[in-house]
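Asks: Residue numbers (our numbering), protein chains in the order written: chain C, -18 to 170; chain A, 16 to 360; chain F, 288 to 727.
A couple of the hints might just be wrong.
Distance windows between CB atoms, simulated [unchecked claim]: (1) F/Val666 <-> C/Ala158: 19 to 27 Å; (2) C/Asp70 <-> F/Gly518: 45 to 53 Å; (3) C/Phe169 <-> F/Arg475: 22 to 30 Å; (4) F/Ser605 <-> C/Ala150: 25 to 33 Å; (5) C/Ala150 <-> F/Gly344: 58 to 66 Å; (6) F/Arg489 <-> C/Ala158: 31 to 39 Å; (7) F/Arg324 <-> A/Arg259: 19 to 27 Å; (8) F/Asp506 <-> C/Asp70: 42 to 50 Å; (9) F/Ser672 <-> A/Ser338: 39 to 47 Å.
Calculated from the structure, these hints are not laboratory results.
Ideal Cβ positions, reconstructed from N, Cα and C, are used throughout, including at glycine.
The primary structure of each chain is shown beneath.
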Amino acid sequence: MKLSVQTKAFAMLLSVGLVAGCSSTGDTMEDGTYGSDVAAIDQDGGSTVYGGADGDGVSSSRLSEEERQAARQQAEQQALRNITTFYFDFDTSEIKQEARDVLVAHAQFLANNPRQNVRLEGHADERGTKEYNLALGERRANAVQRFLIVNGASRGQIETVSYGEEKPAVRGSSESAWAQNRRVELVFK
Amino acid sequence: MKGHERETISTDTAPLKSPVVMSVALHLLIVGIALAGWSWTSPISEPEPRTISARLVSPEPRPSPVVDEQDQRDREQERRQQQEREHQQQEAERRRQQEEQARREAERQAQEQARQREEERKRQEAQARERAEQQAREQEAARQRAEAEAKERERQRAEEERRRQEEAKRKAEEEKRRQEERRRQEEAERKRQEEAARQEAERKRQEAERRLREQQLEALAEESRREREAEARRQQEAAAARAREAQMLSESEKYQALIRERLSQAWYPPSSATEDMSARVQITLLPTGELVNARLVSSSGNTAFDNSALGAVRSLSRYPIPSDRDTFERYFRQFTIEFNPQRLR
Amino acid sequence: MNAHDSHRQGFSFTTALAALVVLMLLASQARAELLIRITEGADSAIPIAVVPFAESGAMPAGDRVSSIVQADLTMSGEFRPLEPSRMLSLPSQRSEVYFRDWRLLGQRYVLVGQLTRSGDRIEARYELFDVNREERILGETAGAPASNVRTLAHHISDRVYEAITGDPGVFSTKLAYVTVTGDGDNARYRLHVSDVDGKRSRIRLESREPILSPAWSPDGKQLAYVSFETGKPVVFTHELASGERKKVADFPGLNSAPAWSPDGKSMLLTLSKDGNAEIYRLDIASGNLTRMTNHWAIDTEGAWDHTGRGIYFTSDRSGGPQIYHMERAGAEPRRITFGSRYNARPRPDGKGEYVYYVHQRDRAFHIARTNLKNGEESVITRTESDESPSVSPNGRLLIYATQQNGTSVLTVVSANGGAAYSLPASDGDVREPAWGPIVR
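Using the sequences provided together with the hints, build the complete structure.
Replies: Listed below in C-alpha cells is the structure:
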C-alpha cells in the first residue's frame, strides 16, 4: 500500500509534467494513475484521516503507524503541491483527470492550513473574444475553486480572478502556445 | 359461229401445221441447195481434164533433130509458102461463096419488085374509083346545100322579124319594169333609211342605256375594287405597322438595355439608399442622343438619392439611341427612368 | 324649365364623356411612355475632385486641409478622390469652375475652397459642386483655431459626405483603443483616444495591468472600461475632459463588458457576483443593478439594440458561444447566429439592419454580419485572427483589430467589407478599438 502510494505519486508527477508540455500524450500514464486515483480520493475523501490527527485518543502503536503514514503522505503531498498550473482544452473548464490528485493535495494543504489563502488565476488562449475569454478564464478558476472546496478547502481561503487572454504564459499563435495559455494558476499568499 | 370456230381452230392448229410446213420447206431448201451445189460444181469439174489434155498436147513438141541454121531457115520459108498457098485457097473459096450469096440476093430482089409493082397498080385503080364516086357525092351535096340554104335564109328572115318585134316589146317591158324597180328600190331605200335611222336612234338609246348601266356597273365594280384595294392596303399597312411596331419594339428593347447598362454604371446610389427607395426622372432627348431635359417626376424622399439619380441621368454625354427615326420618336424622344436599388452594396 | 334642365344635363354628360375620353387617351399615352428601371448602381467609389484650397495668410505646418479631406473621403471607401496633379485647373470659387473640364475628367463632384488666416484662427470658405447637374450643393464657411486644422478638415469632410450620401459623416468622431508594449512585469497598457484616422492620439490611462473593453458614453464625453489595476477586473468610467475616474462596478468576480445605453443613463455590465457571468443593467445615477440574464452558461458582451430596450449578447448556452437577442430584460433570448460553432461579441449597427460579430470559420476568426431582416450571414473581413469589431455611428464603417506581422493592428473596412484601410502603426499591439459617437 505504501509502495503503491509512492509509485502513484511519482507517476502523477511525471504525468502532470508531461501534460504541461503536451496535453495529448501520456495515455499510459493516465491509465496507470486512473485506478489509484479513485482510491486516493476515497482515502482523502475520508477527512477522518486528518480528523484523527486532531487526537481523539487512539492506541499508541497504531498512532505511530499512522504518524509514519502521515509523514510519508505529507512528503508526497508536498511534491504534488509543487504543481500549481492546470491546463484546459479549448473553450472548456473541465478539470483533467491527471490534475485531480494534485488539486486534492492542494485542497488538503489548504484544509490543513486554514490561514493559508490562495488566488486562482484563470486564463484563456488568445483565440476568441476578450470578454468571452475573460468569462471563460473565470469559469476555469471557478471550476478549480469548487474542486478545492469539495476536497477540503474553505471558500474564504480562495480568491478567483480571470485575466482572460490578457496574460499569456507563452507568447505566440501556435497550438502549443495556446495549450499552455489555457490554464488556471494557483498563487499562494 | 361455226366458221368462226373453225377459224379459231384453224388459227389454233396453225402452229401444229407449221412444223410440218417448215420441215417440208427445210427439205426443199436442202434439196435446192444440194442441187445448186451440184450444178455449180459439175461445169467446173467437167472441162478440167480437157484443159489439162490441151496443155499436155501443146507444150509437147515433137522431138526435133538438131539442124543447122540454114536448114532451119529453108524450112521456115517453105512452111511460110505452104501457109500462103493454104491462105489463097481459103480466100478463093470465100469469094466463091460470096458470089453465090449475091446471086441469090438479086434473085430475091427481082421477085420483090414485081410483087410491089402489081400492088401499086391495084391501089391506083381503087383510088381512081374512089375519086369518081367522091365527085358525084359532092355535086349532090352542093345542090342539097344550096336548097337548104335558101330555106334557111327565108326562115332566118322571119325569125329575125319576130325577134325584132319581141325585142321591142321586151325592151318596153323592161323599161317599165326597170322604172318600177327603181321606184320600188327608192321606196325600199327610203324605208331602209328610215328604219336605219330608227334603229340607229334605238341603238343609240340602247347604247346610251347600256353605257349608263355599264358605267354604273363599272362604278360599282370600281368602287368595290377600290374598297378591296383599300382593305388590302389597310391590312397590308396594318401588318406592316405591326411588323414595324415589333421591329421598333425589339430595336427599342436593345437600346433600353444599352441605356440601362450605361446608367447602371453611371449611378452611384448614396450610402443612405435603401431598397425601398425609388426615384423617377423623365428625360427628353435630341435625335442625336443628347439630353435636352431631365426632370424629377417622382422623388424618393431622400435628397441624396434623388440627386444621385439626376446626376446619373445627366452624366451620360450621349444616350445610346436607335438610328431609326420612328423608333426614336416612338420610344426615346421622351421616357422615364426609375432608380430603385435591388442589390445594395 | 324641365327641358332646359335635361338639356343642361345632357350637355354636362357629353362633357364628362369627352373628359373621360381625353383622360383615357392621356392615360394610355402615359402608359405607352417607355420606363427604364435601374436596379443596380456602379460598383466603384464616387469620383470626386478635392481641389487644394487657396490660402491667404500663414498656414500652420503639416497636412493641408484639402489633403486631410481627401484622405477622409478615401478612408470612407465610398469616394475616389482625383489626384491633384491630374486636375486641369485649380479653382477656388464658383466662377472658376468649368464643369466641362471636370466632366471630361470623369468627376462627379468638385470641392473648392479658400482658407484665410485671421489672428489665431483659420477660416474656411468651401463649395461643393455637382458636375453633371452643374449645381452647387454645398456652400459654407467654418473656422477653427490654427492649432486645430484637422478639426476643421474633418468637419468639412463630414459636410461633404453628408451632402452627397445623405448619411452623416464620421470623420470628426473619435476612436478609443488600447496599446500594449512589453510583457511580464514590463508590460504597459495604455488607453488612447485619437481622431478617427488615428491622428492626434492621446494617452488617457496607463497601467501595468490590462485595460479592456473601452466604451463611449453617447455624448462622447466619457469612456467606460475594464481595468485590472486593482488586480482584478473592475469597471471604471472616465471623464475625458477632466480625467476624473469612477469605479462603477467592483463586485466579487468579473466586472466587465460595459456598454452605455443610448440615453447614457444606464450601462450593461457582465458580473459574476452571483456565481457565473451574467448581464446586468446598472443605473448609473442610483447604482441599482437589474439582472438581465439568468443562465448557468456564460452570458456576456451585452450591447443595446437600436430601440434602446433590447440587447444582443454572447452566450454559450448551446455549447459554444453564439449571439442572442433579448427584446427586454427577462424575455426569452432568441439565437441569431447559426453559421459556425463560434460567434461572439455582437455589435449592432444602430439601425436595426445588421449585427456584426466575431465569427470562427475553418480555424480562423473573421468579422461577419447577419442581416437582421433575412438572417443572411456574410463574412466581411479577409484577414484572420480578427477581433473587437466596432461599428461607425453612421453604420457605414467598421473598425476591428487583426494580426499583421505578429502584432495587432487596427483596420477600417466599409460595412459591406468593400474597402479596407489600416490605421497607422504604433508601438506594440493595438487592440480594442471603440468608435466614438457623432458629437454635435
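Asks: For C/Asp70 and F/Gly518, compare the CB-CB distance with the range 45 to 53 Å and indicate the outcome.
Replies: violated (27 Å)
Asks: State, for the Cβ atoms of F/Asp506 and C/Asp70, whether the hinted interval 42 to 50 Å holds or is violated.
Replies: holds (44 Å)
Asks: Confirm or reject the claim that F/Ser605 and C/Ala150 have a C-beta distance inside 25 to 33 Å.
Replies: For C/Ala150 against F/Ser605, whose Cβ atoms are near 30 Å apart, the range 25 to 33 Å holds.
Asks: Could you see if the CB distance from C/Ala150 to F/Gly344 stays within 58 to 66 Å?
Replies: holds (59 Å)
Asks: Falls inside 31 to 39 Å, the C-beta gap from F/Arg489 to C/Ala158?
Replies: holds (33 Å)
Asks: Against the range 22 to 30 Å, how does the distance between the Cβ atoms of C/Phe169 and F/Arg475 compare: consistent or not?
Replies: holds (27 Å)
Asks: Verify the CB-CB distance for F/Ser672 and A/Ser338 against the hinted window 39 to 47 Å.
Replies: Roughly 59 Å apart at Cβ, these two residues miss the hinted range, so it is violated.
Asks: Taking the beta carbons of F/Val666 and C/Ala158, is their distance inside 19 to 27 Å?
Replies: holds (26 Å)
Asks: 19 to 27 Å was suggested as the range; check whether the CB atoms of F/Arg324 and A/Arg259 agree with it.
Replies: holds (26 Å)
Hint compliance for this structure: hints 2 and 9 are broken, all remaining hints hold.
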